[in-house]
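Protein chains in written order, with my numbering: chain A, 256 to 664; chain B, 49 to 299.
Just so you know, these hints were derived from the structure itself, not from any lab. Please read all numbers here as calculations on a predicted model, not as lab measurements. A portion of the hints provided could be inaccurate.
[Stated by the list, open to error] Stretches of chain B that chain A covers, calculated by requiring three or more beta carbons in the stretch to come under 8 Å of a beta carbon on chain A:
(1) 174-186
(2) 252-259
[Said to hold, decoys possible] Cβ-to-Cβ under 10 Å is the rule here; a few derived chain A residues that face chain B:
(3) G345
(4) I371
(5) S595
[What the hints assert, rightly or not] So the derived label-pair ranges between C-beta atoms look like this:
(6) A:L450 with B:D134: 57 to 63 Å
(7) B:D103 with A:I330: 40 to 46 Å
(8) A:A402 with B:D134: 22 to 28 Å
(9) B:K89 with A:A482: 37 to 43 Å
(10) B:K89 with A:K419: 46 to 52 Å
(11) B:D103 with A:A532: 53 to 59 Å
(12) A:A342 with B:F212: 50 to 56 Å
(13) A:M398 with B:H55: 32 to 38 Å
(14) B:A223 with A:E492: 47 to 53 Å
(15) A:A402 with B:R209: 23 to 29 Å
(16) A:S502 with B:P169: 34 to 40 Å
The beta-carbon is built from N, C-alpha and C at its ideal position, and this holds for glycine as well.
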Amino acid sequence: MAVRIFLGAALITIIVAVFLTALQGHALRDTVLVVAVVIALVLAVFLAPVLQRPLADRPSEAMAAPSTGPSLGHILDALPAGVITIAADGRIVVFNAAAGEMFGVVADRANGRTLIEIVRNSELDRRVSATLRDGTTETIELMHVGAVERRLQVMTRPLDGDIKLGVLVIVTDQTRMRELEALRREFVSNVSHELRTPLTSVKLMVETLQSGVDLAAQEQFLANIAAETERMIALVEDLLDLARLESGKLELRLSTVDVSELCRQAVAAQRPRAKAAHINLVCSASQTPLMILADRDKLYQVLTNLLDNALRHTHAQDNVTLTVAPRNGEVTIEVADTGSGIASSALPHIFERFYVVDPARARGHSGTGLGLAIVKHIIEAHGGTIAAESELGAGSIFRCTLPVGLQTS
Amino acid sequence: MGRENFHRILDETQQNVLRMGSLVEEAITRAVDALSRSDVKLADEILRADDYIDDLNVLIETNCLNLLALQQPMASDLRTIAAMLDIIIDLERIGDHACDIAQITKNLANEPQLKPLIDIPLMAAKAREMLRESLDAFSHHDAEIAHAVPQKDDEVDRLYRKVFAELIQFMAKDAKAIGRASNLLLVALYLERIADHATNICERVVYMVEGVPRKLKRSVVEFDQVLAHSDEIMQSGPGSVDQPAGGQARS
Numbered sequence: 256m257a258v259r260i261f262l263g264a265a266l267i268t269i270i271v272a273v274f275l276t277a278l279q280g281h282a283l284r285d286t287v288l289v290v291a292v293v294i295a296l297v298l299a300v301f302l303a304p305v306l307q308r309p310l311a312d313r314p315s316e317a318m319a320a321p322s323t324g325p326s327l328g329h330i331l332d333a334l335p336a337g338v339i340t341i342a343a344d345g346r347i348v349v350f351n352a353a354a355g356e357m358f359g360v361v362a363d364r365a366n367g368r369t370l371i372e373i374v375r376n377s378e379l380d381r382r383v384s385a386t387l388r389d390g391t392t393e394t395i396e397l398m399h400v401g402a403v404e405r406r407l408q409v410m411t412r413p414l415d416g417d418i419k420l421g422v423l424v425i426v427t428d429q430t431r432m433r434e435l436e437a438l439r440r441e442f443v444s445n446v447s448h449e450l451r452t453p454l455t456s457v458k459l460m461v462e463t464l465q466s467g468v469d470l471a472a473q474e475q476f477l478a479n480i481a482a483e484t485e486r487m488i489a490l491v492e493d494l495l496d497l498a499r500l501e502s503g504k505l506e507l508r509l510s511t512v513d514v515s516e517l518c519r520q521a522v523a524a525q526r527p528r529a530k531a532a533h534i535n536l537v538c539s540a541s542q543t544p545l546m547i548l549a550d551r552d553k554l555y556q557v558l559t560n561l562l563d564n565a566l567r568h569t570h571a572q573d574n575v576t577l578t579v580a581p582r583n584g585e586v587t588i589e590v591a592d593t594g595s596g597i598a599s600s601a602l603p604h605i606f607e608r609f610y611v612v613d614p615a616r617a618r619g620h621s622g623t624g625l626g627l628a629i630v631k632h633i634i635e636a637h638g639g640t641i642a643a644e645s646e647l648g649a650g651s652i653f654r655c656t657l658p659v660g661l662q663t664s
Numbered sequence: 049m050g051r052e053n054f055h056r057i058l059d060e061t062q063q064n065v066l067r068m069g070s071l072v073e074e075a076i077t078r079a080v081d082a083l084s085r086s087d088v089k090l091a092d093e094i095l096r097a098d099d100y101i102d103d104l105n106v107l108i109e110t111n112c113l114n115l116l117a118l119q120q121p122m123a124s125d126l127r128t129i130a131a132m133l134d135i136i137i138d139l140e141r142i143g144d145h146a147c148d149i150a151q152i153t154k155n156l157a158n159e160p161q162l163k164p165l166i167d168i169p170l171m172a173a174k175a176r177e178m179l180r181e182s183l184d185a186f187s188h189h190d191a192e193i194a195h196a197v198p199q200k201d202d203e204v205d206r207l208y209r210k211v212f213a214e215l216i217q218f219m220a221k222d223a224k225a226i227g228r229a230s231n232l233l234l235v236a237l238y239l240e241r242i243a244d245h246a247t248n249i250c251e252r253v254v255y256m257v258e259g260v261p262r263k264l265k266r267s268v269v270e271f272d273q274v275l276a277h278s279d280e281i282m283q284s285g286p287g288s289v290d291q292p293a294g295g296q297a298r299s
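Build out the structure end to end from the sequences listed, making use of the hints.
Take a look at the structure:
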């Protein structure tokens, strides 16, 4: 800036000098001289504040040029929270990308529109209108049903200056947190139920024994107490197993295992239960040994958990089939059932700890929601993979693939 | 009333149609949720909330009639007002169906579930999706979205036939299940009707944007024939227009 002023002044001086030289002896010479002095004085008046300003305050060339840093829009779009600003006339001024994702709308289409045109949620609409009208700040939690259902926490705050400027809305997605809370409550409820039932049974039998019964009855009751105790121990072992698996402290006791024989044994152990429920249980395994390197007990637990899960969700006259076969240098174990199936929305979650697909449907014989989580950890600890396919009302297939030699993950 | 005021009221009325739409969408979700969980308290809330939907209906209708009477709107403004008068009828009926489902929830509250609800929530999700997209089409004056929505009605109809067949089987096997099964049949019917109402809304949006009334589940060729032979049809009754080659029959 100072350079430009200096160059400008120099140019004017040169022009005046040329004029004066040209006008030597001319009557206008004095007039031109006076005009040149006036211009110099005016320039001095404008230059003085600039020249008096400390150097540090003068804008540098770099700052005078347009900035190439992030704009406010970039910053807003990078925020994880939804930010919406609504002007006093009810039109949207700011609608960032996170808000667009939470409400399932294209953020770019929002500016200049009203909130109800873009986000059809009557509770949000009422809250924003109230804030615009009354100037109240409030935080609420609401459910938004778009293409996906989300639980959102919404804070509305008035933007005030000398006049009402509008409303600021901050939105955070609480869906996952609420799901986890619900899972935790479900788990505590299931574990309490699973423990309370055998404990109640044990208590009753102990009280009966204390009141005095004959020898035959004593033996029966003691056998039942032992069975119920085993059941509670198994539950606690599952919990501890899962804790160990998740912390990476599980040690595999590896040996050469005939998977075909193991599958036949697992199916045989479940046959009485399947027969009692009138479910057709089939094992399709070759008589030729199929050897892999694995932890025999853990692999048996995988098969038991998968069969237990299939029998739990299958009805009378339905089928459960366990198939084991070599495929592409690996061993594939499939447990297929023709039972109630799993909704596509639940499929991504079924291997999560504590997850129970449909508590209402499984009422009376629900598990703890740990079985499949344990299966996944064990299979992955062996370097294998597990996947599930399902169709509601038609049944499910759980497919495990294990390497023949151990490949630890 | 100046022209600026006219556009302000027209704009506010469109906002109110969207408000009514959002209330109705939420009512469907909550009604099926209440049915799945046998939640009588939620069912009562839905029944109470219907009054607000009805109030909005009256407000919108009044505003529309005032605009027609006092402003003599033309062209797209006239079509918008005419479309809104039709759309709120469909929305009001959808709200009533949500209330009917809530009432069935109360009727079945003390009875064991006949079977876990699988297809009915799927029907509800599909019908709600159709309604949401039809209101998107209205909000954005987008005929392209409006044309696409009715194609999804076939899926709702398919689910309805499946639920119908399954519930008839229940009733045939067990006479004690007739009461519960017939109530669930009504729920499925209401959801199928909600999907049809969403199609109706799309037809009004197409009229609003394109200026020509259309039945979206019939081919354009077939409908133009209806318009061309309207006098003949009025005199002769149903079946008086030949199906053109390649035309789609109404499902």
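Results of checking the hints against the structure:
Here the segment 174-186 of chain B counts 4 residues with a CB under 8 Å from a CB of chain A, which clears the bar of 3, and the coverage holds. Three residues within the 8 Å Cβ limit are the bar, and the segment 252-259 of chain B against chain A gives 0, so the coverage statement is violated. Residue-level restraint check for G345 (chain A) holds (minimum Cβ-Cβ distance to chain B is 8 Å; threshold 10 Å). Because the smallest distance between the Cβ of I371 (chain A) and any Cβ of chain B comes to about 5 Å, under 10 Å, the interface hint for this residue holds.
With a least beta-carbon distance of about 7 Å to chain B, the hint placing S595 (chain A) at the interface is held under the 10 Å criterion. At about 60 Å, the CB distance of L450 (chain A) to D134 (chain B) agrees with the hint of 57 to 63 Å. At about 42 Å, the beta-carbon gap between D103 (chain B) and I330 (chain A) stays in the expected band of 40 to 46 Å. The hinted window of 22 to 28 Å between A402 (chain A) and D134 (chain B) holds, with their beta carbons roughly 26 Å apart.
Between K89 (chain B) and A482 (chain A) the Cβ separation comes to about 42 Å, which falls inside the hinted range of 37 to 43 Å. The beta-carbon spacing between K89 (chain B) and K419 (chain A), approximately 38 Å, falls outside the hinted interval of 46 to 52 Å. Checked against the given bound of 53 to 59 Å, the beta carbons of D103 (chain B) and A532 (chain A), roughly 54 Å apart, stay inside it. Remark: the range hint 50 to 56 Å for A342 (chain A) to F212 (chain B) is upheld by a beta-carbon distance near 51 Å.
Range check, M398 (chain A) to H55 (chain B): Cβ separation about 34 Å, and the 32 to 38 Å hint holds. At roughly 48 Å, the beta carbons of A223 (chain B) and E492 (chain A) sit within the given window of 47 to 53 Å. Between A402 (chain A) and R209 (chain B) the Cβ separation comes to about 26 Å, which falls inside the hinted range of 23 to 29 Å. Take S502 (chain A) and P169 (chain B): their Cβ atoms lie about 38 Å apart, and the range 34 to 40 Å holds.
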